[in-house]
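Take the sequences, apply the hints, and build the full model.
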Amino acid sequence: MTQFLTAIVNGLALGVPLFLVASGLTLIYGVMGVLNFAHGALFAVGAYVVASLLGGQTVGLGAFVIAALAGALVVGVLGLASERTIFTRLYNQGHVINLLASYALMLILDGIIIIVFGPGIYQTRPPAELTSPLRLGSVVLPSYALFLILIGLVVAVALWWMLDRTMLGVRIRAVAFDRQTASALGVRTRWVGAGVFALGTALAGLAGALAAPQLTVAPGLDAVYIIQSFIVVIVGGLGSIWGALVAGIGLGLINSFLITYAQGWESFGMYIAIAIVLLLRPQGLLGKTKLQGA
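Sequential numbering from 1 applies to the sequence shown in full-length UniProt numbering.
Where hints are given, some of them may not hold.
What the hints assert, rightly or not - Per label pair, the in silico range of CB-to-CB distance:
id, residue 1, residue 2, range
1, THR58, THR88, 38 to 44 Å
2, THR85, ARG165, 54 to 60 Å
3, ILE112, LEU61, 28 to 34 Å
4, PRO119, HIS95, 48 to 54 Å
5, ILE108, ALA158, 29 to 35 Å
6, ALA104, GLY137, 52 to 58 Å
7, ILE112, GLY56, 17 to 23 Å
8, GLY137, ASP178, 51 to 57 Å
FYI, nobody ran anything at the bench for these hints, they're computed from the structure. Backbone N, C-alpha and C fix where the C-beta goes; we use that ideal spot for every residue, glycine too.
Next up, the structure:
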């Protein structure tokens, strides 16, 4: 029973960073029509920022949260800068040009990571308060995994509230539905686009920061996560925040159960899942053509 519950908790925790990265990707795509191939590199920047700030030391929860928010902020600023200098000129150029531009940005960011942080390996530890497992009678659960699940729930609710219950969300959905009409009605589409890009990339940075204690932070990290995040977006459905949540958590659970009960198969879990979903539902689990907040 303990092994089963631990597999569920670990699966949910594995799914949270995937959800954060994929929700940022699908938010940017749903509103701006850009598939940002550099999202994995931005995830890696968030992980590197936290790893370098903490220096491999075990710190308190407060210090860890501040470092994670710093990682998200740095990546959000990078995303805003890239939108203002690169993507704002390419919105009407088609998906191929945008993909090529984001791929070039990924290569640039990879180079910057090596220059700034070096080619070495970084290790990050969970906060001191979350290093010991949580014991509920005979059940032992990993504390940091529970923390990640809580963060995932908070972010999911915050995104839902922002998109469905605020005037900012109304403007974002208006731009996603018809950019030109929204502009004609007085929506400042330029700033909405910049804000969405900053938020979407900040989510990738937050994902990297929170996932750092579970990973070996080293060159090549971005390649792993960009593939996984695109799989989550495709399985969940392009433009669907809730699809990203369902797919991220679902794929995290699949990986966790394969690691626990069928070691050696975990590398194939995501690819089997995407094949099944594309066969049965090509548009993804909750896919729509425009941004879906709820």
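Just to be sure I understand the hint, the distance between the Cβ atoms of ALA104 and GLY137 should be within 52 to 58 Å; is that true here? holds (54 Å)
How does the Cβ-Cβ distance of GLY137 and ASP178 compare with 51 to 57 Å: does it lie in that range? Taking Cβ atoms as reference, GLY137 and ASP178 lie about 55 Å apart, which means the hint holds.
Is 38 to 44 Å right for how far apart the beta carbons of THR58 and THR88 are? Taking Cβ atoms as reference, THR58 and THR88 lie about 42 Å apart, which means the hint holds.
Does 29 to 35 Å hold as the CB distance between ILE108 and ALA158, or does it fail? holds (30 Å)
May I ask you to test the hint 48 to 54 Å on the CB atoms belonging to PRO119 and HIS95? At 33 Å between Cβs, range violated.
Lying within 54 to 60 Å: is that true of the beta-carbon distance THR85 to ARG165? Given about 32 Å between the Cβ atoms, the range is violated.
Would you say the C-beta atoms of ILE112 and GLY56 sit inside 17 to 23 Å of each other? holds (22 Å)
How does the Cβ-Cβ distance of ILE112 and LEU61 compare with 28 to 34 Å: does it lie in that range? holds (30 Å)
In summary, the structure is inconsistent with hints 2 and 4 from the numbered list given earlier, while agreeing with the others.
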